[in-house]
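Novice: As a plain string of letters, each chain reads:
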Amino acid sequence: MSNHPGQVPRRDFLRWSMAGMALLGTGVSGCTSAVEREARNKGARAGSRGGRLVIAQGTDIIPKTVVNQSAQNATWRRQVFNSLIRLDRKTHEILPELATAWETSDGGRVITLTLRDGVTWHSGRPFTADDVRFSMEFQRDMQPPFAFAWLLKRLAEVKAVDPRTARLAFDEPVNNLFDALSLMILLDRESAKELMTGAKVIGTGPFTFGEYRQGTSLQLDRYAKYWESGRPDLDGVLVRVITKPEARMSALRSGQVHLATGVGPMELKQVEADRKFTVTPYDTYSSGVYLGCNVNADPLKDKRVRQAIHYALDRRRISDEIYRGKATPNATTWSAGSPAYNQRLADHYARDLPRARRMLEESGVGGAELVLESAQAVSKAAEIVEFNLREAGLRPQLRVLNATQQQERIENRTFEGMFMGQHGYTNLSPANLLYSAMPYRTTQNLFNFASEQYERLAAATLSAAGKDEQRAAYDAVTAFVLDEAFCCDLVHATPTAVTTGVSNWDYSVWDDVLLGNSTVI
Amino acid sequence: MLSYFIRRLPTAALTVILTSVVVFLLVGLLPGSPASVILGEQADPAAVAALEERMGLDRPLLWQYTDWARGLITGDLGASYVSGAPIAETLGVAAGATVELALASLVVTAVTGAAFGIAAATVRRRVPQALLRGASALIFGVPEYVLGILLILAFAITVRLLPAGGREPLLADPGIGIQYLAMPAIALGLHSGVVVGRFLETELRGQLEEEYLDTAHAKGVSARRVLWRHALPNALPPVITVLGVRVGHLLGGAVVIEAVFAWPGLGQVLANAVANHDYLIIQDLVVYFVVVFIAVQLVSDLIHASLDPRVRLDGEA
Amino acid sequence: MRTPRALRSPGGAAGAATVLVLVAAGLLAPWLSPYAPDFQQTGAVLRGPSAGHWFGTDDLGRDVLSRLLYGIRQDVIIIVLAVPLSKAIGIAIGLLATTHKAADVLVQRVLDLKLAFPTVILGAALAAFLGPGFSTVLIVIVISGIPVTARLTRTAVLTERERGYVTGARVVGASRTAILVTHILPNAVDALVVNFVMSAAGAVFLEGALSLLGFGIQPPAPSLGGMIEKGLPYLAEQHWGVLAPIAVLTGLVIGLNLLGDALNAALRRG
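Chains as they are written, first to last, in full-length UniProt numbering: chain A, 1 to 521; chain B, 1 to 317; chain C, 1 to 270.
These aren't lab readings, by the way, just hints derived from the structure by calculation.
Listed below are the simulated EDC-like cross-link pairs for lysine to aspartate or glutamate, each with C-alpha atoms no more than 16 Å apart in a straight line:
hint, chain 1, residue 1, chain 2, residue 2
1, A, Lys225, A, Asp117
2, A, Lys303, A, Asp483
3, A, Lys380, C, Asp59
4, A, Lys301, A, Glu416
5, A, Lys380, C, Asp38
6, A, Lys380, A, Asp320
7, A, Lys200, A, Glu211
8, A, Lys269, C, Glu237
9, A, Lys326, A, Asp283
The shape of chain A in the complex, shown without the other chains (with noise of 0.2 Å):
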């Protein structure tokens, strides 16, 4: 057949098609491998400092929020911002940041705090303790709140006294004064209205805001004239939007990224054995996993219902599937390491079926239909609630919220029936807890509930002295909540960092990341 017209001799055609290949194939071989390349640091020259520092990150940056701790800003709001005062992550010591030292007078009411001298915004202005005060008094006020906008509004008076030192007077003593000066950063008065759409960004800390691509990255760039001497080390950051784990994971092991935050238990696996990564997970065991009930909607009205939800949930399998290990059963709010931490109590809800499908029968709502609405970060967990509560009668429905819904049904607190969500502050003085966070807050919580009872037994635990009081205080207050459960939590878990050539990175007790003494190797 070899001379049949128009055919090409079989040695041509492979010749052609190889040629083709090879096309294709440029820069697979041959060409460093994206996927074994060493981490490789791209910005530095040789003989000078720092080099360029690639974070991933799994959600989108939104600058909106970034006066309160979240997982979307936590790796970028602590370079560009300072806050007046930092705790020591185990210790909880007051150390300084913009204030070197602070003063407190007539009995826990006046606070004086004295500034740090030659910080400038990254505009060139001078920062002055008349920025502490608009600081302040802006994140009273703003909207969508300042989580401890409760505390500012106990504000009296902010007073510029000069412009080293600014006087803070209180109109009752305050305990967590510091708590809320570690979380709050300082904004700049000229851009502060633009800090909402990320337009203008402009704060005092070691890196200035560069270029933002919504969804995409964010450019942060070595501030020169950043107070503390010869920091930062690093020439710049630059924070990489990679929303599916995968592709995080195989751009830290290709040398992409050099820190990629809030990895899953099931990645951790990919790297854990290799000792060219560190995975570090945080110790602040802060995050709690939580659902609630609006009690408002029928029959979540019934606090017998709500308790038997609690009854019919599987916390140890949470813990154990989802988070494999990495997290523990907790009904209450407290983690370990909070003074408020009791173990019986947050054992209460142990998991028993066939109480909660009795009570539920005697609230004569077995078999109702439910709306379980779900944050979209433990929508696994919530698939196993769901399970859970079929398991005890009721017919749920689950519906995983988008960020904006989410966002929106915060602000407004309509939940159609139960939610779950994530919050923080379990790792630090109560008090945060249960004035600041949203689901558990004595007033205004996602949940709609409002008791005097409640209140009550919050203040005391503000007022109790001397360790005994406050303990009873403590238990007090738990107790309270799990019985009325209109929002327990699940489990506590910790978010996990991997690094891969990185030194002197660190993270704040309110898990930001932090990266002023941090170089690349």
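Since the structure of chain A is already known, use the hints to place chains B and C on it.
Specialist: Using the frame of chain A, we list chains B and C on its own:
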């Protein structure tokens, strides 16, 4: 040529305008305003009204439409309701990634199409021929996204040769960039390659059976020369037209392939916008997608017209 | 009808057999599957194949085989609901186009509009406004099948109308509708059967694509595309959770395509 173009233009423009009206009205007229969808059934009317105001949905429809349409044309798309970031920038960056993927997959389509077409038209032995047919039927039947997943399983998980997903811009670092690009481009382009290959095969067979090639062969011209100098050049114009039509298909397919490979292009922007109820971005993207599709259709029709005189004459008649 | 002849070709027979087996498995899911599709077994997350779970378990300890069978059932339900509806609307629109010149122009414009929308973009737009889920998938499949059917009907009617028997019937004095229903439509049935089978393949393909984008059927209800999407993050750990639905989905698409090709070939041979 020009008159053909001009004749087609009003229809294209009308389609774009109609699309924009439909997309716009979907938000305005659907039962339950976007604000109440976001807030849910327990929301009180005041909260819904407040959110509508923030989303700019409280103004008269006509004003909303003209403002939006002007923005689409001038590129002043405003800010995302969800994140507050400028939409034009977001779309610009993502468009770069999508264009990179689409072009690369077009290369894959052209190369594999040529290989399949030439091989199918020239290989005569029964076993290789059957293998070739089987392979092309299989690829034709397998959805692009399935091929993508199989590639990930083979070359990112079983053999750790390529990254499972993500992107490094090709121009920034070609050596690394191509490793991210290879699998999504192949997954997206191979299917079209088979389509183009089948077409090329038919054209080539027709050409090779033409008598004059027999004559050329009789004169002692080598088979290879016959193929390269005579049959291929004649078969090419219609194949190029088909290739043009496939561009539209590639852009649509890219949306799904981007999801499989976490490729940060327009498809991902769209999927995220849908997930977050970011209506403005969805409306902008849908209209832009339609504009691009129509433009691609127009251009491939133009190419077709310039290659086939009958179409052009028809237009001028 | 030339349908039986199509089944005599090897491709047609293989396609028909594949589709038949898979559809039967889906319809018999309640009797065939070893577990309830949403039963979560504690302590059995992402297990590989075993005697108890032929295709292993997924990330919530659910039996992959059972979900697969119910997933096929879900896809079959979608096909059975969406494709005939899509054809009916398509035929109606196609017929409308043949009644009047103005109607024809209008129909062509509207179809142009639809053709300018890539189907996944249409899916995105609908998912945004209706929310993702069963009804969105259904509507996308219905709309995506309309233009081809409408054009096919229009062409078939226009062609048949010129044939002898129609002219004959007209001479005898039959009404336009009567001619359409008794003479023209039956002759277009073959083309529509091919179109129907091809659309079914398209429906399976689309369900998968929409699911991957997050617009598809929502958990805990199983669907082929949904299983692929939910299984992808665990591809390295439990690839059967993805490979099984992929194999079935591809089998359905290829089977239906083969069947359609064979029908088409039989039709052309007349």
